Each structure stands twice: as structure tokens, then as C-alpha cells.
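Undergrad: Sequence:
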Amino acid sequence: MPLLAGSGGRVLAAFSGQPGEPYESIRGTCCCLAVGDRDPETAGVSAPFGPGGILLGALTLAGPSTRVDAAFLQP
3 MPLLAGSGGR VLAAFSGQPG EPYESIRGTC CCLAVGDRDP ETAGVSAPFG PGGILLGALT
63 LAGPSTRVDA AFLQP
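For reference, each letter of the sequence shown is one residue, going 3 to 77 in my numbering.
Hints in this document: simulated from the structure, not taken from any laboratory. Because the structure is a prediction, the values reported are computed rather than measured. We put the CB at the ideal spot given by N, CA and C, even for glycine. Take every hint as true, because none was put in to throw you off.
Beta-carbon label-pair distances, calculated as ranges:
| no. | residue 1 | residue 2 | range |
| --- | --- | --- | --- |
| 1 | P66 | P21 | 25 to 35 angstroms |
| 2 | G30 | L61 | 16 to 26 angstroms |
| 3 | I56 | Q76 | 30 to 40 angstroms |
| 4 | P4 | L57 | 15 to 25 angstroms |
| 5 | A73 | P53 | 34 to 44 angstroms |
| 6 | M3 | L57 | 12 to 22 angstroms |
| 7 | A72 | G19 | 31 to 41 angstroms |
| 8 | A64 | S18 | 12 to 22 angstroms |
| 9 | A73 | S18 | 30 to 40 angstroms |
Start from the sequences and build out the full structure, keeping to the hints where you can.
TA: Following this line, the structure appears as C-alpha cells:
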């Protein structure tokens, strides 16, 4: 699978130094939400993890994109 698609791949790319958007925004918020990036029926939210700012990986929660609506996205 391509690294620059999906929430997990984008988080890994952002915290590995990928320049530009959306990677600057991902570094600013420390998370990424992707709906239908890899599969039109899947949504995922990911965040980087590792001690002291060292990237060890990305933690992803994925599920059906039908569960992601405007109400879900409100803080």
C-alpha cells in the first residue's frame, strides 16, 4: 500500500519529515483523520507514538466510514 495514503501512512510520513500540506497540519495537531483514502468504506484516525518525541509508529483506529458524519467530527 502507498505510504502517503490513509491516516496511519500520513502520520508516519509527517513525523518522518515529509514537507508541505497536509503534513504540516498533521504535525501541528498530532493526528490525522482519513475517510475513504484507501477504501471508500473505511475511515481511520491515527496519532504518532514514541517516547520523548521519537517516532516509533502510528496508532490507528479504523472502522466503517458510514459512522463518520458531521456530529462525529465535532469536538
